[in-house]
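Asks: Chains A and B supply the protein sequences, listed in that same order.
One rule links them: number in the numbering used here = place in the first sequence (from 1) + 82.
One rule links them: number in the numbering used here = place in the second sequence (from 1) + 82.
Since the hints were derived computationally from the structure, they do not count as laboratory data.
There may be inaccurate statements among the hints.
Identical copies carry no separate label here, and so any pair may be met within one copy or between two of them.
What the hints assert, rightly or not - Taking lysine-lysine and the DSBU-like style, the derived pairs with C-alpha atoms no more than 35 Å apart in a straight line are: (1) Lys268 - Lys170; (2) Lys331 - Lys145; (3) Lys121 - Lys107; (4) Lys220 - Lys331; (5) Lys170 - Lys259; (6) Lys268 - Lys146; (7) Lys145 - Lys285; (8) Lys229 - Lys331; (9) Lys268 - Lys145; (10) Lys121 - Lys329; (11) Lys331 - Lys100; (12) Lys285 - Lys173; (13) Lys262 - Lys285; (14) Lys121 - Lys220; (15) Lys100 - Lys329; (16) Lys220 - Lys173; (17) Lys331 - Lys285; (18) Lys285 - Lys329; (19) Lys145 - Lys329; (20) Lys259 - Lys285; (21) Lys146 - Lys285; (22) Lys107 - Lys331; (23) Lys229 - Lys100; (24) Lys331 - Lys268; (25) Lys285 - Lys229; (26) Lys262 - Lys220; (27) Lys170 - Lys107; (28) Lys285 - Lys170.
Remember, it's a predicted structure, so these values are computed and weren't measured experimentally.
2 protein chains.
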Amino acid sequence: MKERPLIFVTNDDSYFSKGISVLIKLMMEFGDVVVIAPKEEMSGKSHSITSMNPIRIRLFEEKKGYMGYILSGTPVDCVKMASNRILKERKPNLLVAGINHGSNASVNTIYSGTMAAVFEGCAEGIPSVGFSIDSSDKQVDFSFCEKYIREICAEILNNGLDNGICLNVNFPAGEIKGLKVCKQAKAYWQEDMVEYVSPHGGKFYMLSGVYHCLDNSPEADYNCLQEGYATMVPMHIDFTDYSSMDKIKNRFENVQKK
Amino acid sequence: MKERPLIFVTNDDSYFSKGISVLIKLMMEFGDVVVIAPKEEMSGKSHSITSMNPIRIRLFEEKKGYMGYILSGTPVDCVKMASNRILKERKPNLLVAGINHGSNASVNTIYSGTMAAVFEGCAEGIPSVGFSIDSSDKQVDFSFCEKYIREICAEILNNGLDNGICLNVNFPAGEIKGLKVCKQAKAYWQEDMVEYVSPHGGKFYMLSGVYHCLDNSPEADYNCLQEGYATMVPMHIDFTDYSSMDKIKNRFENVQKK
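The following block holds chain A by itself, in its conformation from the complex (with noise of 0.2 Å):
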C-alpha cells in the first residue's frame, strides 16, 4: 500500500485563526498533517528569524493523521523546527502556508510571513505553496476556495514542483471566475505614519499605508484578482537581475579593476 502523503501546514496568523483551520480540513483529505504555527499573531514578519531568543513549541492537538504545533515565533521559525526536529526524519511531500488573511498579492509578497514560509521551504527543497485571500475579515467565508486549493494541492502532490519553483495563490473573497498564471504585480505601499500623542508625553507613530499598483499588465497578479480571479505566480527566491548584469559589468568596469 502506497504511503500517505505528508503534508506540513503553517501560515502567519497564528494557530487560532480561521484560514490555517479550513487548510488543515483540507489537507487531512490527501495525507497525514504536521501543523506548527506561530501562538501569537505574525502578518508583516516577512523572512525574520528568532536567533537571539529562545523559541518555544508545544504539542497542541494530537489526533489519527494529524499533529498540531503551537510555536513562539515567526512562519520561519516554523519550518525551521519542521525541519531540524519535528519532521527530521522524513521531509514533507508538500508544504502549504495560509490560508492568508489578506491578499500577497503584488508586492505584498515580501511583507508576508506566509510567503516567507513558502521561499523558505522552497530553499530547503520542499514543494511549497501559499494561499491568501483578499479580505481582512476574519470570519471570511473560505468556501469558494476549497475545490481549487484541493485541485492545485492534487496536482503538485502527483507532479511535484521544480527545484527552487514555489507557487503564490491568491483568491478573491466570495465568487471566483476562474484560476490565472500571473506575474507578481509591479506597486508599492503609499505608507503613512500616522502620528499620536502619548498619554506618557511624547509622540509615537503608527504604520498604516496605502497600495498604489503600477502594472497595467493583464497578466498582473493584483489585476486578475481585482477581476475576481484565483491568480497562480511561480516564485523563486533568487533575487538577481540577470537583464541588468552586463550593464552593471560596464559602469563598474573602473572599479572593478583595481
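Based on the hints, put chain B in the right spot on chain A.
Replies: Same frame as chain A, but now just chain B:
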C-alpha cells in the same frame, strides 16, 4: 551652485554599530546625510514591518549636514519613516544600508534586514545599495572597503540606478582582490534547533545553522567572496519566475478553466 546630494543611511545592526559609523563618515564626503537606524539590533528581521505596535523616533545627533535618528523598529520601518515623515519633502538621491556586520551574499539576502531596507528603497524609487562585510567581529577593520564604497556611491550619485534595480555589495574581511559583478549563489542553511532545558522547567530551542553552498558557478557571489573579491549583485523585487510561466500554465490548465 549645485545642491549637495541627500543621502539616507540605515542598517540592521543598530545606530550604535561600527559598520554604520564608517558608512556615515564616507557618505558625509558626498553630501548631506540623514540617518534613521534601529535603536536595537535587528539582524535577521528581513522585510518585517511594525504594524500593530507604536513606533518611536528620536533625534539623537545633529550637526552641519547631518541628522541622526534612532527608531524603535525594523530597518524597513526606518525607510518608511524617512519617506513619510523625516524626508517627506525631499527624496534622497541615494539610500545606503550597512555596513552590515556579516555577509549578505547568497541566500542570506532573504533574511537580511539590511537588504530589506534596500529593497524598500528600491520599491520607493530611490537608488539603493546594501554594503556588508563577511565578518561578525564587531570591531572588524573596514578600511579595505572604503575606496570601493566611495567609487560605487560616486558612480550611482552620478548616474542613478535603473528603476526597480538595487545592488547587494559584499566585502571579504581584510585585503580585497577587486570587485566582481555576480549572481546570488544558490545555497541553504542547514539549521540546527539546539535544545536546552529551562531553569523554569520545560525545554526551549535556540536557532543555529551551517551554510551550504549549492552553486559551483564562478559568477556566484558566495564563491567570489570566498576567493577574496568584493561582490556586487544587481537585484530586483519581482519574485516571479518567468521561465516557468508556460509550464505552470500548462500544468494547471484544467484548474484554470473552471
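Asks: Confirm or reject each hint.
Replies: Comparing the hints with the structure gives:
1. When the C-alpha separation of Lys268 and Lys170 is checked against a cutoff of 35 Å, the pair qualifies only between copies, where the shortest distance is 22 Å, while the shortest distance within a copy is 38 Å.
2. In this assembly of identical chains, Lys331 and Lys145 lie within 35 Å of each other by CA distance neither inside one copy nor across copies; the values are 57 Å within and 37 Å between.
3. With identical chains, the CA atoms of Lys121 and Lys107 are at most 35 Å apart within one copy only, with a shortest distance of 19 Å there and 43 Å across copies.
4. Taking the closest pair of Cα atoms, Lys220 and Lys331 come within 35 Å of each other only across two copies (31 Å); inside a single copy the shortest separation is 49 Å, beyond that limit.
5. Proximity of Lys170 to Lys259 under the C-alpha cut-off of 35 Å is found in neither arrangement, the shortest distances being 40 Å within a copy and 41 Å between copies.
6. Within a single copy, Lys268 and Lys146 get their C-alpha atoms no closer than 44 Å, and across copies no closer than 38 Å, so neither meets the 35 Å cut-off.
7. Within a single copy, Lys145 and Lys285 get their C-alpha atoms only as close as 50 Å, which misses the 35 Å cut-off; across copies the closest is 23 Å, which meets it.
8. For a Cα distance limit of 35 Å, the shortest separation of Lys229 from Lys331 across copies, 18 Å, qualifies, whereas the shortest one inside one copy, 48 Å, does not.
9. In this assembly of identical chains, the alpha carbons of Lys268 and Lys145 never lie at most 35 Å apart, being 44 Å within a copy and 38 Å across copies at closest.
10. Taking the closest pair of Cα atoms, Lys121 and Lys329 never come within 35 Å of each other, the shortest separation being 47 Å inside a single copy and 37 Å across copies.
11. Proximity of Lys331 to Lys100 under the C-alpha cut-off of 35 Å is restricted to the inter-copy arrangement: shortest distance 30 Å between copies versus 49 Å within a copy.
12. For a Cα distance limit of 35 Å, the shortest separation of Lys285 from Lys173 across copies, 24 Å, qualifies, whereas the shortest one inside one copy, 49 Å, does not.
13. Taking the closest pair of Cα atoms, Lys262 and Lys285 never come within 35 Å of each other, the shortest separation being 46 Å inside a single copy and 46 Å across copies.
14. Taking the shortest alpha-carbon separations for Lys121 and Lys220, both the intra-copy value of 16 Å and the inter-copy value of 34 Å come in at or below 35 Å.
15. For the homomeric pair Lys100 and Lys329, the shortest alpha-carbon distance between copies (33 Å) is at most 35 Å, but the shortest distance inside one copy (48 Å) is not.
16. Taking the shortest alpha-carbon separations for Lys220 and Lys173, only the intra-copy value of 32 Å comes in at or below 35 Å, while the best inter-copy value is 37 Å.
17. Taking the closest pair of Cα atoms, Lys331 and Lys285 never come within 35 Å of each other, the shortest separation being 46 Å inside a single copy and 51 Å across copies.
18. In this homomeric assembly, Lys285 and Lys329 never come within 35 Å of each other (Cα to Cα): the closest approach is 46 Å inside a single copy and 52 Å across copies.
19. With identical chains, the CA atoms of Lys145 and Lys329 are never at most 35 Å apart, being 57 Å at best within one copy and 38 Å at best between copies.
20. For the homomeric pair Lys259 and Lys285, neither the shortest alpha-carbon distance inside one copy (47 Å) nor that between copies (49 Å) is at most 35 Å.
21. Proximity of Lys146 and Lys285 under a CA criterion of 35 Å is satisfied inter-copy only: 25 Å between copies versus 52 Å inside one chain copy.
22. Taking the shortest Cα distances, Lys107 and Lys331 sit within 35 Å of each other only across copies (27 Å), while inside one copy they are farther apart (51 Å).
23. In this assembly of identical chains, the alpha carbons of Lys229 and Lys100 lie at most 35 Å apart only when taken from the same copy (17 Å versus 54 Å across copies).
24. Both within a single protomer and between protomers do Lys331 and Lys268 lie at most 35 Å apart by alpha-carbon distance, with minima of 25 Å and 21 Å respectively.
25. For the homomeric pair Lys285 and Lys229, neither the shortest alpha-carbon distance inside one copy (49 Å) nor that between copies (40 Å) is at most 35 Å.
26. Taking identical chains as interchangeable, the C-alpha atoms of Lys262 and Lys220 lie at most 35 Å apart only when both belong to the same chain, with a minimum of 25 Å there against 49 Å between chains.
27. In this assembly of identical chains, the alpha carbons of Lys170 and Lys107 lie at most 35 Å apart only when taken from the same copy (24 Å versus 47 Å across copies).
28. For the homomeric pair Lys285 and Lys170, the shortest alpha-carbon distance between copies (18 Å) is at most 35 Å, but the shortest distance inside one copy (47 Å) is not.
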